[in-house]
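Take these sequences, add in the hints, and give me the full structure.
Just so we're aligned, residue 2 is where the sequence shown starts under our numbering, counting upward by one.
Since the hints were made in silico from the structure, they are not lab data.
Since the model is a prediction, treat every value here as computed from it, not as a measurement.
Certain hints may be false.
Under the rule of at most 30 angstroms between Cα atoms (straight-line distance), these lysine-lysine pairs were calculated in the BS3-like manner [said to hold, decoys possible]:
hint	residue 1	residue 2
1	LYS40	LYS56
2	LYS123	LYS95
3	LYS86	LYS56
4	LYS56	LYS123
5	LYS33	LYS86
6	LYS33	LYS123
7	LYS37	LYS123
8	LYS173	LYS95
9	LYS37	LYS86
10	LYS173	LYS207
11	LYS173	LYS37
Derived Cβ-Cβ restraints for the label pairs, each shown as a range [stated by the list, open to error]:
hint	residue 1	residue 2	range
12	ASP158	GLN45	17 to 23 angstroms
13	SER122	GLN192	36 to 42 angstroms
14	GLU162	ARG138	15 to 21 angstroms
15	PRO178	GLU206	38 to 44 angstroms
16	ALA75	GLN45	31 to 37 angstroms
For every residue, glycine included, the Cβ atom is placed at its ideal position computed from N, Cα and C.
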Amino acid sequence: MNVRILVILFIAAILGFSSIFVVDEGERAIVKRFGKIGKDAAEQTLVYEPGLHFKVPFFDQVTRLNARILTLDAPADRFVTSEQKDVIVDSFVKWRITDFGQYYLATQQGNQLIAESLLQSKINNGLRSEFGSRTIRDIVSGSRDELQRAAMEGTQDDAEELGITVVDVRVKQINLPREVSEFIYNRMRAQREAVARSHRADGQEKAEVMRAGADALVTLTLAEAERESRTLRGKGDADAAEIYANAYGQNPEFYSLLRSLDAYRTSFASKEDVLVVSPDSEFFQYMKSKNLK
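Here's what the structure looks like:
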């Protein structure tokens with residue numbers, strides 16, 4: 002008799018423990034009976050809050066769902082910009098379950114891997130749309146916060162179909178494929194070379210202008226100097242002629258003698274020269290004895 006009571010008590014204890022389940026803080030629970038989700042009076046999915054709850058042993062199956070904010074850190078993906086250039090984007094998503102019934106049905110009984118796969122697809126679609134509407138210059142030099150906010154808002158409606166709310170979308174890193182990096186480098190180099198050519202052309206133009214100005218100044222200076230030298234030389238010649246004329250006017254005979262002596266000195270300077278002149282020539286007029294008295 003005591004054994005029978007112990008068995009009954011043991012079975013009752015097992016049934017009692019089997020009819021109790023605990024939902025921890027940060028979790029929600031959904032109970033399924035005979036393959037159907039439990040509903041409340043409003044025919045909404047019955048979601049159990051944290052605490053102690055009861056179920057029918059052996060017939061009810063409890064599925065616990067994470068109610069915390071979760072992080073989806075997927076591998077980097079490739080996106081195409083508006084100029085048909087690829088970029089490698091590494092991002093992560095903060096999300097949480099807000100409609101547990103919808104989430105349970107949309108993710109094959111609350112499978113988190115399936116949920117993250119579907120969510121990643123929707124996030125990538127949003128990011129692809131945002132990157133596709135921007136150029137590489139806009140992505141690199143623009144506001145990343147604006148892009149992230151637009152991507153989050155663009156995927157919010159699609160995420161609600163899964164019973165999920167996207168809390169935040171963050172782009173950790175944006176890299177360029179090797180061929181795109183080379184393209185940007187070549188384009189930057191071409192732009193810098195064009196700027197350098199423009200500067201060199203401006204410099205050459207200014208140099209030519211300065212050189213032409215200097216040449217004109219030199220030519221003008223030389224012409225002015227030549228003019229002044231000719232003026233001074235002419236004035237000197239005139240003064241010399243005037244002096245000679247005055248001197249000649251004072252004593253023409255003496256002036257003629259000096260000129261003749263200069264002519265003699267010049268003519269007989271070299272002893273190797275031969276001069277054939279008639280003795281009666283005027284060249285020797287001052288060498289005759291009567292003119293030397």
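Against the structure, the hints come out as follows:
Proposed proximity of LYS40 and LYS56 is supported: the alpha carbons are some 13 angstroms apart, at most 30 angstroms. Only pairs whose Cα atoms come within 30 angstroms are accepted, and LYS123 paired with LYS95 is accepted, the gap being roughly 13 angstroms. Only pairs whose Cα atoms come within 30 angstroms are accepted, and LYS86 paired with LYS56 is rejected, the gap being roughly 57 angstroms. Our distance criterion of 30 angstroms between C-alpha atoms is broken by LYS56 and LYS123, whose separation comes to about 36 angstroms.
Of the supplied pair hints, the one linking LYS33 and LYS86 is violated, its CA atoms being roughly 50 angstroms apart against a limit of 30 angstroms. Of the supplied pair hints, the one linking LYS33 and LYS123 holds, its CA atoms being roughly 29 angstroms apart against a limit of 30 angstroms. Restraint check: the Cα-Cα separation between LYS37 and LYS123 comes to about 29 angstroms, which is no more than 30 angstroms; the hinted pair holds. Under the criterion of a C-alpha separation no larger than 30 angstroms, the hint pairing LYS173 with LYS95 is consistent with the structure, at around 13 angstroms.
Distance check on the hinted pair: LYS37 and LYS86 sit about 50 angstroms apart at the alpha-carbon level, beyond 30 angstroms; violated. Between LYS173 and LYS207, the direct Cα distance comes to roughly 50 angstroms. Violation of the 30 angstroms bound is thereby established for this hinted pair. Our distance criterion of 30 angstroms between C-alpha atoms is broken by LYS173 and LYS37, whose separation comes to about 42 angstroms. Between ASP158 and GLN45, the C-beta spacing of about 21 angstroms keeps the proposed range 17 to 23 angstroms intact.
Roughly 39 angstroms separates the CB atoms of SER122 and GLN192, a value that falls within the hinted 36 to 42 angstroms. Between GLU162 and ARG138 the beta carbon distance is about 35 angstroms. The supplied range of 15 to 21 angstroms is therefore violated. As the Cβ distance of PRO178 to GLU206 is approximately 42 angstroms, the hint placing it in 38 to 44 angstroms holds. The hinted range of 31 to 37 angstroms is satisfied by ALA75 and GLN45, whose Cβ atoms lie roughly 32 angstroms apart.
Comparing the model with each numbered hint stated earlier shows that hints 3, 4, 5, 9, 10, 11 and 14 do not hold.
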